[in-house]
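Residue numbers (the working numbering), protein chains in the order written: chain A, 1 to 89; chain B, 1001 to 1185.
No incorrect hints appear here.
If the Cβ cut is set under 10 angstroms, some of the chain B residues that face chain A in the computed set are:
1. 1021
2. 1025
3. 1139
4. 1140
5. 1144
6. 1146
7. 1148
8. 1171
9. 1175
Sample of chain B residues lacking proximity to chain A, with all beta carbon distances greater than 10 angstroms (derived):
10. 1002
11. 1003
12. 1004
13. 1007
14. 1059
15. 1064
16. 1066
17. 1071
18. 1077
19. 1101
20. 1130
21. 1155
22. 1159
23. 1181
24. 1185
The set of hints was computed from the structure by calculation and includes no laboratory data.
None of the values given here were measured: they were computed from a predicted structure.
Don't be surprised by glycine CBs; every beta carbon is placed ideally from N, CA and C.
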Amino acid sequence: MMMFKKFIHINCKKATELIVQKDEIKISLVNLLRLKYHQKICAICYYFEQHISFISKNAKKVEELNQAKLTEQEKHAMQEKLLQQQRLN
Amino acid sequence: MISYILIPEKWVETYADMLFSYTLNRLKDTEQAKDIVQETFLSAYKSIKTYDARASEKTWLFAICKNKIIDYYRKEIKNKTNSLSQQELVQFDEQGNFNTNHHPQNWNINFNDTLIEKEFNSIFNVCKNKLNSLQKGVFQLKYLDDYETSEICKYLEITTSNYWVLMHRAKVNLRTCLEKNWINK
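Full structure from sequences and hints, please.
See below:
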């Protein structure tokens, strides 16, 4: 029994690493068992998993809000450098 | 078949802003983003002869820009590989358990509410910009550009375990930031 516990026991940091991997790829059966066992006794890692899957699901949906613009001056400088390049050729 | 043409005189006027906001969504540093846009135009000009007119001018420029962004991160990672595993996460104690003030909580929200979604989007963007440069890079390549994990490792020349270190930190930090600024605001 002690051996089993030693084998199956993981800490929260390891559990969160497995959750992050599980979110993208299939993790090994051994690691899946470790994670399930950990989450049976650790509610916060259960919440952690909910939050991570929420984040990845919505990360894809989030439109690009950042509509940053360059100043006219900056664009002018870029144009100048491009013209220089043209003259060199 | 449609054949496209290039009009380099109009590039800056037409695409500079688009490329800049595209790059800034994938990078942390504004000055670096500007440099990448400039380099995109210069490289594009140098490779005009190899343009085969099968992709539109816009698609072609964005492809060059995307490569520049990946090049940037590849270099960044090369410079920082040694420090990748050194920074510790504040969320965990020495035994690897969650620190008490970082316990994930029950969020208890209705995710179907459109108001919540709007609010989430803007806070999410703020939180992404709080990640360090490499964490943001890997996260955006994965979720904005939809690359496979193996592709990201190949492009950035990193091992899978380096990838997981970065992605784990990115997600742990994003989660903490969302809980602090959105759930518990």
